[in-house]
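Start from chain A and add chain B according to the hints.
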Amino acid sequence: DSGVTQTPKHLITATGQRVTLRCSPRSGDLSVYWYQQSLDQGLQFLIQYYNGEERAKGNILERFSAQQFPDLHSELNLSSLELGDSALYFCASSVGTGAEQYFGPGTRLTVT
Amino acid sequence: DQQVKQNSPSLSVQEGRISILNCDYTNSMFDYFLWYKKYPAEGPTFLISISSIKDKNEDGRFTVFLNKSAKHLSLHIVPSQPGDSAVYFCAASDRSTNAGKSTFGDGTTLTVKP
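These protein sequence lines are chains A and B, in that order. The opening position of the first sequence corresponds to residue 661 in the working numbering, with each subsequent residue numbered one higher. The opening position of the second sequence corresponds to residue 105 in the working numbering, with each subsequent residue numbered one higher.
None of the hints are false.
Below are the SDA-like pairs computed for lysine to any residue, each with C-alpha atoms no more than 20 Å apart in a straight line: (1) K669/A - Y143/B; (2) K158/B - N131/B; (3) K109/B - L699/A; (4) K158/B - A759/A; (5) K717/A - Q107/B; (6) K109/B - I124/B; (7) K717/A - M133/B; (8) K160/B - E760/A; (9) K158/B - S178/B; (10) K158/B - M133/B; (11) K717/A - S200/B; (12) K109/B - Y136/B; (13) K717/A - T201/B; (14) K717/A - R199/B; (15) K109/B - G718/A; (16) K175/B - D159/B; (17) K175/B - S132/B; (18) K217/B - Y143/B; (19) K717/A - Y136/B; (20) K717/A - D105/B; (21) K717/A - D198/B; (22) K158/B - E760/A; (23) K160/B - A759/A; (24) K717/A - Q106/B; (25) K669/A - T149/B; (26) K669/A - P144/B.
Honestly, the hints are just simulated from the structure, not real lab data.
Extracted from the complex, chain A is given alone in its bound form (with noise of 0.2 Å):
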């Protein structure tokens, strides 16, 4: 058990609809960092926030936001979905930034 927890687990959507990813990091870790991962793709990397700021941006689309509140718990918003975001999406945090990270079990979303 890593200690960082996502929610839902699964979720199954149709497309247009719009959903929220929960993220809580690990106790003390300041870091939380979103990724996708597609079928059999690596892992993409979508955002990274500290301490609740955005501290990095990489291949996020427009439709997807994310924010991180001040308990430091995160949430990756997706909206007009699309069947190719039908993906993994995990959560990570870490202590501070440049460290190892410690990854959440990941939500599974299916978009039919």
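Just chain B now, kept in the frame of chain A:
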């Protein structure tokens, strides 16, 4: 442009033998490298890391080697065990940006046969 590449999608070795997983990178600003292991239906777990000021780091059966001039790193697992069968991701970060985000390779699936 993929900055971190794992050119072997899969690797199969016999139990007890050495497993060598390779990773190449292109960004010379990367100064911290990590390996993660991932089992199906689980998130990746941190395995071992190495700073660019070192060329080797060892942790039990796992050793990571870094060749900065070749922009290449490798993970050695000796001896390999069936429980090591997983997807291994190489990752690299540029700590000078103070962001800490890591760039991941596509992974290598290791199968250790009993």
